[in-house]
Amino acid sequence: MTSTAFAFPGRSIEAVPARKRAHRTNVPLIAGLIMFGLIVAAAVFAPLLAPADPLAQDILHARLPPFSPGHLFGTDTLGRDVLSRLLYGARVDLRIGVLAVITPLVLGTVLGLIAGWRGGWVDTLIMRMVDVVVAFPFYVLVIALVFVLGAGTGSIYIAITLVGWVAYCRIVRGQVLVAKEQEYALAARASGLPTRRILFRHLLPNVVLQAIIFSMSDIVLTILAIVTLSYLGLGVPPPTPDWGTMIAEGQNYLTTQWYLTTIPGLCVVYVGISLALVADGLVQQFNRR
Amino acid sequence: MTFVLYAVRRIVTLIPVMFGISLVVFLLLHLIPGDPAVTLLGTHATTDAVAALHHQLGLDKPLWQQYVSFLGGALHGNLGTSYQYTGVSVTSLIASNLSPTLWLIVAGAVFSVLICVPLAMYAASKPNSVGDNAIRTIPVVGLGMPSFWLGIMLILLFALRVPLFPVSGFAPGFGGHLRSIVLPGLTVALTLVPILIRSLRASMLEVLQSDYIVTARSKGLSGSRVLFGHALRNASVASVTVLGINIAYLIGSTVVIEKVFALNGVGYLMLTAILQRDFPIVQAITLLFAILVVLVNLLTDLAHAGLDPRVSLA
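Protein chains in written order, with the working numbering: chain A, 1 to 289; chain B, 1 to 314.
Calculated directly from the structure, the hints in this document are not laboratory data.
A few of these clues could be false.
Claimed, not checked - Where chain B lies over chain A, by a calculated footprint (3+ residues, C-beta under 8 angstroms): (1) 121-134; (2) 146-156; (3) 223-230; (4) 243-257; (5) 271-284.
Glycine is no exception: its CB is placed at the ideal position from the N, C-alpha and C atoms.
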């Protein structure tokens, strides 16, 4: 683990000849993909891996400590198997986290393309909208939106889209402003191609990479938002297993069963580390060529 | 004089943003699916109650009239009355809950500076050392750490296992406030550190590589003298700016942290209002937080322009 992104900041990378650099294995990217792949596999195969039904209550065996026979991570306050709930919780949280990033990515990229390419009043209008959304603290606006739309998964998707597109719009617009002065863009424009074709066939492939790299960290932020909303009672409704609800349920038993809150939190942290490594690896792969 | 002009221009650009903010907050009511009055009162409400709320919310008027009266009220500090505490104005409810939130914001900012600046200075003064690399893993590990979970872990360690600080609540008196705000403030700071540290380290590196530092070193000044006598001054401008950029995140995280520590601040008021379906409170607090962010951003920009002569005021 010596050649992580952190061990090779700007200066030392220049010391490595360009040819060798291209072939060096990208350790953070591979490590991150393996870590993320493992948790995705755990989520996908949860029905096979889970030792018990995540909803099955067994009050007589409630709050068993970890390493109890048949319950690796113990049982919760209703006697449900914690490991099974973690696995099924991964299904819920990862699915929403990944899906909820797609619409803001698409919406923000399209608006950023248009704003950067057209300029003028279109640009001003779109960027003023960005300024307005950015003025709201993320959690305050998301909580307010989920409240008015009604708690639940559908509202989370809408709220995250309404708030999340701005980051992609800013990133893509910045890239377009640079790209549109480059020769291929000038050539495309000079040859009289329709704007839609220039934007989506010529510019998009060149500017979308930064947005995709950001979406890796954005998945983490979105999962955090889902878990936080569930903790506040506005997210995934019980009894559906979800890491945020598990943390909230465990908080009342902190003095005696500290692991009920600690373990689901560590799952979120694990996902965060894996995707942060992927994002750093992608930066290392593409941005330092 | 140029500074005054800059300040005026900066304030003028805020006008459309403020309009946009008020529009978003106003439209929140209309995002409620179905009839807002029925949804807010619940299905058991009588027809008279629904009609009364219709009138109170102004839903019987055209949309533009509703917005004009909302904006007019907001400009006069009138943001409606609470449903759960009948007849109490939302503004007075917020005012009585403001103190813990302001304490938390200040504590969070102070703690994050106290944690970040020394770490960033150390990392920038010894780039690529073991310590620097350890500091650079902070964003990777911290990115996915849920703030509320971090708060609960701090409660577990420093309030339950080692009872140094209260588990929750906002104890009376100055000393009580101080003791109650340590763990929440630390939680806010620790969620902010992974975001701040990267850009702060970069700006510290930039400061340490600038000509005047090289000059100071070549004069034969000791490393610590250069660091604290020369670099710290400019580095502090950088940290104020980095903190200002992330102030929205800091302010937003107080809502969740107040819930974890049961601090009866503005965020706590918002969350209890949500449970009671007390719409005017939620609406007013959303507006308040956005205005707070805009004002802090303005102050950061002006302070930056005033402190750093290199900032172009054109």
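Could you tell me which of the hints above the structure violates, numbers in ascending order?
none
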